[in-house]
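A.B. asks: Letter by letter, the chains look like this.
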Amino acid sequence: MKRKHAMSSRDFATELVESYIQEQGLKPDDRLPSERDMCSMWDLNRTTLRNAIQRLVDTGVLYSKMGSGTFVAPPKFVGNLQDVYGFSESVRIAGRTPGSRVVFATIQEADKSIARKLHIPLGTEVFAMRRLRLIDDVPCSIETVFVNMERCAGVEQRDYGRESLFDVLRWEYGIKAQSGDEKISVTTLDAAEAELLEMEEGHPAFYKSGVVFDENGEPFEYYRTVALSEYIRYATEMKAR
Amino acid sequence: MANVDYKSPIYLQLREVVRSKIEEGEYPPGMAIPSENELSEMYGVNRLTVRNAVDALVNEGLLRRIQGKGAFVVGDRLERDLDSLSGFRQTIHERNAEPGTKILAKTRRKAGGKYARIFGIGEDDDIFYVRRLNTANGEPISVEHTFIPASKVPKLDGIDLGVFSLYEVYGFYGVSPVRAYETLDLVTLEARDARMLGVDPGQVVLLFTCYTYDKDDDVIEYTCSYTRGDKCSFKVHNRA
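Protein chains in written order, with numbering that gives the first Met the number 0: chain A, 0 to 240; chain B, 0 to 239.
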């Protein structure tokens, strides 16, 4: 393998595999040649190729199945961080099937961090709900929301396994999400999260938290989301004004 | 300048000579002008005179002086700054962290299949590859791999990216980013990259992949940055 370009051999091998997928017009779930064939096709050593494949698995281009090889992955769901659609709506727009399972839905008193985010006094009642989110039946994220109930009494009585909280707030209570501030970082799954997401404890994931504001700039929802990077990629767009 | 003639002080005359060479492109943006010694020899003036002439142009913002490297021509600035608009905003956890950038590599290479498709150019067309290490208080924060089609910034070969940022170079060559699309994944690092970022092999980092477009909707830059999640987090503002 020629080590030109000052690039790592892994990066170079990654390029070769990506080009191959494009040139051959491979589709999701199509199988790549065996490691041995790819190594001899491009004159790569095994370790370099494996590193390249791992990188492409991480970025959602490929997936590996024990014993049967490496396949082209179906595209990750791309969550646009700049829109304020609910989860279900965004997934549907992407042409995928959203699913939700309510883990808990209850009324609780706001602790310090929730009270601060929602601009309410400590101990104010909030609607707290945790849902497991699925895309095409695959568990992808765990979303915990805290909603200021002052303007939406009775919001806890709906079935959010079927209904969208976003829609209920919008159409039943006239609370429309207008803007939001979101923070994103890396976390590892704890035991409970790992079980819900069918992953191992300690597995890395996105951690996303934020506040949603209505048209008057009042915060009405605070959320914390743990999401698997295997299935979800976040995106933003920048434009010159 | 009209009010400089043969009776004017020599340093003013020399200042105008250098200015016109910059304006006429003999000294192109991003490049160093001849050294003080060279100028002093070329025009038969002493070094203090050269220094005064160059200082005047540095003060005007036409040149940028870098200790030990020389004086470099500053080209036109971009009016718009994509960074300040929207998208991911990085927050370094440590307060008052002093940012730094180190150029690890800068080379010209063939596009190859992947980049030919991204930039809409031929596989044998040239692209530039730049690898940068971003630091805060000297500690590694991210490694950025940037790819640029050579046709957009043909002179990048000769430009010292320790002197000018890529963004400044785009301004010099009339390349104006109008839109960028950035995605975020989590990836594991293998030993070599992990060492560069100062983390353990196998540690997960944030991978930002950014496509930057000009007004013709050509991709002018493709960047992958591997960023430590333990050192910074990212904020996004959204709006209906």
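Everything labelled a hint here was simulated from the structure, so no lab data went into it.
Some clues are possibly wrong.
Unchecked claim - Pairs of lysine-lysine residues, derived as DSS-like cross-links and limited to a Cα-Cα distance of at most 25 Å, are as follows:
no., chain 1, residue 1, chain 2, residue 2
1, A, Lys26, B, Lys113
2, A, Lys116, B, Lys234
3, A, Lys116, A, Lys175
4, B, Lys68, A, Lys238
5, A, Lys175, B, Lys113
Computed from a predicted structure; not experimentally measured.
A.B. asks: Against each hint, give a clear statement of whether it holds in the structure.
C.D. replies: Results of checking the hints against the structure:
no. : hint                : in the structure
1   : A:Lys26 / B:Lys113  : 17 Å, holds
2   : A:Lys116 / B:Lys234 : 15 Å, holds
3   : A:Lys116 / A:Lys175 : 18 Å, holds
4   : B:Lys68 / A:Lys238  : 36 Å, violated
5   : A:Lys175 / B:Lys113 : 43 Å, violated
Going down the numbered hints, you'll see the structure goes against 4 and 5, while the others check out.
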